[in-house]
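Engineer: If you want the building blocks of each chain, they are given just below.
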Amino acid sequence: MSSWWGGVQMGPPDPILGVTEAFKRDTNPKKMNLGVGAYRDDQGKPFVLSCVRKAEAIITSKQLDKEYLPIGGLGEFSKACAELALGADSEVLKSGRNITVQTISGTGSLRIGANFLSRFHGGPLDVYLPKPSWGNHTPIFRDAGMQLKAYRYYDPSTCGFDFKGALDDISKIPEQSVIMLHACAHNPTGVDPRPEQWKEISDIVKKRNLLVFFDMAYQGFASGDIDRDAWAVRYFIEQGHNIVLSQSFAKNMGLYGERVGGFTVVCNDAEEAKRVESQLKILIRPIYSNPPMNGARIAATILNTPDLRSIWLGEVHGMANRIIKMREQLVAGLKKEGSSHNWQHVIDQIGMFCFTGLKPEQVERLTKEFSVYMTKDGRISMAGVTSGNVGYLAQGIHAVTK
Amino acid sequence: IVPLAVSVNRFEVPQAAPVAVFKLSQDFSNDQFPQKVNLGVGAYRTDEGQPWVLPVVKKVEKIIVHDDRLNHEYLPILGLPEFRSSASKIALGDDSPAIQEDRVGAVQCLGGTGALKMGAEFLRRFYNGNNNTKTPVYVSAPTWENHNAVFANAGFDDVRPYKYWDAENRGLDLAGFLGDLESCPEHSIFVLHACAHNPTGTDPTQEQWMQIADIMMRRKLFVFFDSAYQGFASGSLEKDAWAVRYFVSMGFEMFCAQSFSKNFGLYNERVGNLTIVAQDADNLKRILSQMEKIVRTTWSNPPSQGARIVAITLNSPELFSEWKDNVKTMADRVLLMRAQLKAKLQALGTPGTWDHITEQIGMFSFTGLNSKQVEYMVKEKHIYLMASGRINMCGLTTKNIDYVAESIHETVTMVQ
Numbered sequence: 040m041s042s043w044w045g046g047v048q049m050g051p052p053d054p055i056l057g058v059t060e061a062f063k064r065d066t067n068p069k070k071m072n073l074g075v076g077a078y079r080d081d082q083g084k085p086f087v088l089s090c091v092r093k094a095e096a097i098i099t100s101k102q103l104d105k106e107y108l109p110i111g112g113l114g115e116f117s118k119a120c121a122e123l124a125l126g127a128d129s130e131v132l133k134s135g136r137n138i139t140v141q142t143i144s145g146t147g148s149l150r151i152g153a154n155f156l157s158r159f160h161g162g163p164l165d166v167y168l169p170k171p172s173w174g175n176h177t178p179i180f181r182d183a184g185m186q187l188k189a190y191r192y193y194d195p196s197t198c199g200f201d202f203k204g205a206l207d208d209i210s211k212i213p214e215q216s217v218i219m220l221h222a223c224a225h226n227p228t229g230v231d232p233r234p235e236q237w238k239e240i241s242d243i244v245k246k247r248n249l250l251v252f253f254d255m256a257y258q259g260f261a262s263g264d265i266d267r268d269a270w271a272v273r274y275f276i277e278q279g280h281n282i283v284l285s286q287s288f289a290k291n292m293g294l295y296g297e298r299v300g301g302f303t304v305v306c307n308d309a310e311e312a313k314r315v316e317s318q319l320k321i322l323i324r325p326i327y328s329n330p331p332m333n334g335a336r337i338a339a340t341i342l343n344t345p346d347l348r349s350i351w352l353g354e355v356h357g358m359a360n361r362i363i364k365m366r367e368q369l370v371a372g373l374k375k376e377g378s379s380h381n382w383q384h385v386i387d388q389i390g391m392f393c394f395t396g397l398k399p400e401q402v403e404r405l406t407k408e409f410s411v412y413m414t415k416d417g418r419i420s421m422a423g424v425t426s427g428n429v430g431y432l433a434q435g436i437h438a439v440t441k
Numbered sequence: 003i004v005p006l007a008v009s010v011n012r013f014e015v016p017q018a019a020p021v022a023v024f025k026l027s028q029d030f031s032n033d034q035f036p037q038k039v040n041l042g043v044g045a046y047r048t049d050e051g052q053p054w055v056l057p058v059v060k061k062v063e064k065i066i067v068h069d070d071r072l073n074h075e076y077l078p079i080l081g082l083p084e085f086r087s088s089a090s091k092i093a094l095g096d097d098s099p100a101i102q103e104d105r106v107g108a109v110q111c112l113g114g115t116g117a118l119k120m121g122a123e124f125l126r127r128f129y130n131g132n133n134n135t136k137t138p139v140y141v142s143a144p145t146w147e148n149h150n151a152v153f154a155n156a157g158f159d160d161v162r163p164y165k166y167w168d169a170e171n172r173g174l175d176l177a178g179f180l181g182d183l184e185s186c187p188e189h190s191i192f193v194l195h196a197c198a199h200n201p202t203g204t205d206p207t208q209e210q211w212m213q214i215a216d217i218m219m220r221r222k223l224f225v226f227f228d229s230a231y232q233g234f235a236s237g238s239l240e241k242d243a244w245a246v247r248y249f250v251s252m253g254f255e256m257f258c259a260q261s262f263s264k265n266f267g268l269y270n271e272r273v274g275n276l277t278i279v280a281q282d283a284d285n286l287k288r289i290l291s292q293m294e295k296i297v298r299t300t301w302s303n304p305p306s307q308g309a310r311i312v313a314i315t316l317n318s319p320e321l322f323s324e325w326k327d328n329v330k331t332m333a334d335r336v337l338l339m340r341a342q343l344k345a346k347l348q349a350l351g352t353p354g355t356w357d358h359i360t361e362q363i364g365m366f367s368f369t370g371l372n373s374k375q376v377e378y379m380v381k382e383k384h385i386y387l388m389a390s391g392r393i394n395m396c397g398l399t400t401k402n403i404d405y406v407a408e409s410i411h412e413t414v415t416m417v418q
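Which chain is which? The protein sequence lines are F and X, in order.
Sequence positions in the first sequence follow this note's numbering and run 40 to 441.
Sequence positions in the second sequence follow this note's numbering and run 3 to 418.
Okay, chain F solo, but in the shape it has when bound:
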């Protein structure tokens, strides 16, 4: 009997998560997983934040029930999530002109946002992504029914920001299109605009009357300071952009598998926010009805309990610092190996990822000969680098680039 699914092709392996799978199969004791962006401590182990453990203990002791959350999620979480991004003294929060819903981490937030724009955006359904952007952005927006376009962002010749190219491209974007901006710690390049550059971007975006979609997956992770990392988001809002914003707590709270995120729409006023909220619920219900409790409860407990919040800020700072240190040690290591290349970009870039500048053939060699696993675009997750393996990594990179 013939099958319904005879014509279903084998899907290509997911490039990012597929790297981890290949890594797991490798038996080389020196292997390194620099693929997926999950933080590791200096022993290369997953890091459960102590504020998370403390929050879990508090939650367990409360013996809460497991009743369905509202469609928009845990209220105390959404409120704290918005405050974290916008700042507690934000005029937006005071006037109640934002709607923030709990989402299934960053992906879920982007998807809800994309669905919302696809249904309600009055302008062209074109999303302009920086070139390059997180690999999953494209299929998310596409599946939501939007078209993908790009603006120049990364300059391979400097391994830095193509500021002129970006402004040039943005100045030509048709009015009312959607522009995606990475709030901090750009993924995959680690290249962020400086504040003066953000100001110019804001100006030109305003001139073109574009709808700004901020993706903030690394607040706290970039500089170690949550306010500093949210600077661009807050600046744009002050400048009058009614942004939409995706937030993830996967990295900055280490809550990856709990799927904690938020989606915010900054509206003209509270009345508009209410209407938008009602429509977000209509979008969410046929996907998953209402979001999972556990992670949101942990995040809310941390954000809303002063002691835990303090501990958290310290731990986020610690994670960011370790990464900064690894960047410095990698560059020092490459110098020691005798590399003649300029590796300054490794230090200038920020956040979990580093765009090494390695070409696909070099990446392939690094994987095959050194069992160093990373994505083809030359991106490495600095979180996977430790003081124990940074020397080996420097060796490998030098070997394939000399």
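Derived by calculation from the structure, the hints in this document are not laboratory data.
Just to be clear, a hint being listed does not mean it is correct.
With a Cα cut of at most 25 Å, we get these calculated BS3-like pairs of lysine-lysine [what the hints assert, rightly or not]: (1) K64(X) x K84(F); (2) K344(X) x K330(X); (3) K398(F) x K375(F); (4) K38(X) x K374(X); (5) K346(X) x K330(X); (6) K313(F) x K133(F); (7) K70(F) x K170(F); (8) K381(X) x K38(X); (9) K69(F) x K441(F); (10) K398(F) x K84(F); (11) K346(X) x K38(X); (12) K101(F) x K61(X); (13) K91(X) x K60(X); (14) K188(F) x K295(X); (15) K133(F) x K118(F); (16) K211(F) x K238(F); (17) K222(X) x K136(X); (18) K93(F) x K61(X); (19) K222(X) x K287(X); (20) K374(F) x K70(F); (21) K63(F) x K320(F); (22) K170(F) x K295(X); (23) K238(F) x K188(F); (24) K401(X) x K415(F); (25) K313(F) x K25(X); (26) K63(F) x K287(X); (27) K93(F) x K64(X); (28) K320(F) x K25(X); (29) K84(F) x K415(F); (30) K69(F) x K320(F); (31) K330(X) x K93(F); (32) K398(F) x K70(F); (33) K101(F) x K64(X); (34) K38(X) x K295(X); (35) K295(X) x K63(F); (36) K101(F) x K60(X); (37) K118(F) x K25(X); (38) K188(F) x K203(F); (39) K211(F) x K188(F); (40) K381(X) x K401(X).
Starting from the known structure of chain F, arrange chain X on it as the hints suggest.
Structural biologist: Here is chain X on its own, set in the frame of chain F:
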């Protein structure tokens, strides 16, 4: 405040109507009447009218919180492997030939809703051609109100009702159902409630299921089970899975969306499983690889807490046994309330027949109250139920059942 330079109200966003079942709960919350009763949203309640975290769940949560080896890392895209396989076994049976033949796979999803969503998205892309949004999707009349939206939002243009509830006789409209199966376009998709039909509580008998399966096989219709109440309906996991297992034994390539919200009481942890029965292992592999792509753009990977609780429970003989007891506790209380409600209505001499209350099964009962009567119940008696006349039996307790019975009696006599 900086004057808004960009003041374009770029969203033409009308206020959407609230989701009925949640509005009902909200109205109930706001009601100050001391004897109010909530027979609305579908969650289990104890005889004290309280939510119930299953004792086995509490036990397992303690295990998890004290296990230092566990962390919060990402699950694989398709979910926790030990959850997926044990959940599918629950639906299909430990000794399922299909499982032994390596042609059963699963996707861990966000609740039953998420499982339906993933299945719907897959079908829209790959079933009956590529991206064939015109393939009719049939949902029972009536059905869970979110079924329509799930399939419509997945891109299906044509979501239609199949005859199911016979209001006059308060039972299954078998002839209508079979008639729709015979006359629908070939390859139509049918969403079948595995047991404890929501909202009517009326299930086909085994013989009736066999008739349904025959026609579906002959007319090449797609079988998509929604199994949200396994164990909850009769108290027996096996009994409640009979229809699903029968269809598998018939050789269908089919989907079964499972929810562990009710039978594990894990409502807010969003634990669901889309069980996929394929023709062979190769088909299964290709299906799962495409499922990964769909998952990746929706939620990337599923939440770990709930799946861990279920996996640990199902994979430990002791905990599994304890869980089955907890499930039976819930099912038994519902059966008791059914019996008592019917008895009281009969004792009161309430006009009409009330056998359907004990003939129906699961959490819900389609009382047969019409919308005017429902309005009376809500406004005058402060008893909250859905406009369709659906009540959640779990909202009944030994303390409020007399008030509810008397109110139904009053309503039926006063309002036609």
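Engineer: Hint by hint, note whether the structure agrees.
Structural biologist: Hints versus structure:
For the hint pairing K64(X) with K84(F), the CA-to-CA distance comes to about 24 Å; that is within 25 Å, so the pair holds. Between K344(X) and K330(X), the direct Cα distance comes to roughly 21 Å. Compliance with the 25 Å bound is thereby established for this hinted pair. Restraint check for K398(F) and K375(F): satisfied, since their Cα atoms lie roughly 22 Å apart, inside the 25 Å limit. Taking the CA atoms of K38(X) and K374(X), the gap is about 19 Å. The hint holds against a cut of 25 Å.
Between the alpha carbons of K346(X) and K330(X) the distance comes to roughly 24 Å, so the proposed pair stays at or under 25 Å and holds. The suggested pairing of K313(F) with K133(F) holds, with an alpha-carbon distance near 15 Å, which does not exceed 25 Å. For the suggested pair K70(F) and K170(F), the alpha carbons sit about 30 Å apart, so the restraint of at most 25 Å is broken. For the given pair, K381(X) sits about 10 Å from K38(X) by alpha-carbon distance, which is consistent with the 25 Å threshold.
Between the alpha carbons of K69(F) and K441(F) the distance comes to roughly 21 Å, so the proposed pair stays at or under 25 Å and holds. Using a Cα cut-off of 25 Å, the hinted pair K398(F) and K84(F) is violated, with the two alpha carbons roughly 28 Å apart. Taking the CA atoms of K346(X) and K38(X), the gap is near 19 Å; set against the 25 Å cutoff, the hint holds. For the proposed pair K101(F) and K61(X), the alpha carbon gap of about 15 Å is at most 25 Å, so the pair holds.
A threshold of 25 Å between alpha carbons decides the hint, and for K91(X) with K60(X) the separation of about 23 Å falls inside it, so the pair holds. Using a Cα cut-off of 25 Å, the hinted pair K188(F) and K295(X) holds, with the two alpha carbons roughly 21 Å apart. Of the pairs offered as hints, the one joining K133(F) and K118(F) holds, with about 12 Å between alpha carbons and a cut-off of 25 Å not exceeded. The hinted pair formed by K211(F) and K238(F) meets the criterion: a straight-line CA distance of about 18 Å does not exceed 25 Å.
A hinted pair counts as satisfied when its Cα atoms are at most 25 Å apart, and K222(X) with K136(X) qualifies at roughly 16 Å. As the CA atoms of K93(F) and K61(X) are separated by approximately 19 Å, the hinted pair is consistent with the 25 Å bound. Only pairs whose Cα atoms come within 25 Å are accepted, and K222(X) paired with K287(X) is accepted, the gap being roughly 23 Å. Of the pairs offered as hints, the one joining K374(F) and K70(F) holds, with about 22 Å between alpha carbons and a cut-off of 25 Å not exceeded.
Under the criterion of a C-alpha separation no larger than 25 Å, the hint pairing K63(F) with K320(F) is inconsistent with the structure, at around 39 Å. The hinted pair formed by K170(F) and K295(X) meets the criterion: a straight-line CA distance of about 22 Å does not exceed 25 Å. Using a Cα cut-off of 25 Å, the hinted pair K238(F) and K188(F) holds, with the two alpha carbons roughly 23 Å apart. Distance check on the hinted pair: K401(X) and K415(F) sit about 66 Å apart at the alpha-carbon level, beyond 25 Å; violated.
In summary, the hint linking K313(F) to K25(X) is supported, as the alpha carbons are separated by about 15 Å, within the 25 Å threshold. Annotation: proposed proximity of K63(F) to K287(X) holds, straight-line Cα distance about 20 Å (limit 25 Å). Between K93(F) and K64(X), the direct Cα distance comes to roughly 14 Å. Compliance with the 25 Å bound is thereby established for this hinted pair. At roughly 13 Å between alpha-carbon atoms, K320(F) and K25(X) fall within 25 Å of each other, so this suggested pair holds.
The suggested pairing of K84(F) with K415(F) holds, with an alpha-carbon distance near 24 Å, which does not exceed 25 Å. For the given pair, K69(F) sits about 48 Å from K320(F) by alpha-carbon distance, which is inconsistent with the 25 Å threshold. Distance restraint check for K330(X) and K93(F): the Cα-Cα separation of roughly 35 Å exceeds the 25 Å cut-off, and the hinted pair is therefore not satisfied. Pair hint K398(F) plus K70(F) holds up; C-alpha atoms about 20 Å apart against a cutoff of 25 Å.
Distance restraint check for K101(F) and K64(X): the Cα-Cα separation of roughly 13 Å lies within the 25 Å cut-off, and the hinted pair is therefore satisfied. Restraint check for K38(X) and K295(X): the C-alpha separation of about 47 Å exceeds 25 Å, so the hint is violated. Annotation: proposed proximity of K295(X) to K63(F) holds, straight-line Cα distance about 21 Å (limit 25 Å). For the given pair, K101(F) sits about 12 Å from K60(X) by alpha-carbon distance, which is consistent with the 25 Å threshold.
For the given pair, K118(F) sits about 22 Å from K25(X) by alpha-carbon distance, which is consistent with the 25 Å threshold. Distance restraint check for K188(F) and K203(F): the Cα-Cα separation of roughly 18 Å lies within the 25 Å cut-off, and the hinted pair is therefore satisfied. Under the criterion of a C-alpha separation no larger than 25 Å, the hint pairing K211(F) with K188(F) is consistent with the structure, at around 12 Å. Under the criterion of a C-alpha separation no larger than 25 Å, the hint pairing K381(X) with K401(X) is consistent with the structure, at around 21 Å.
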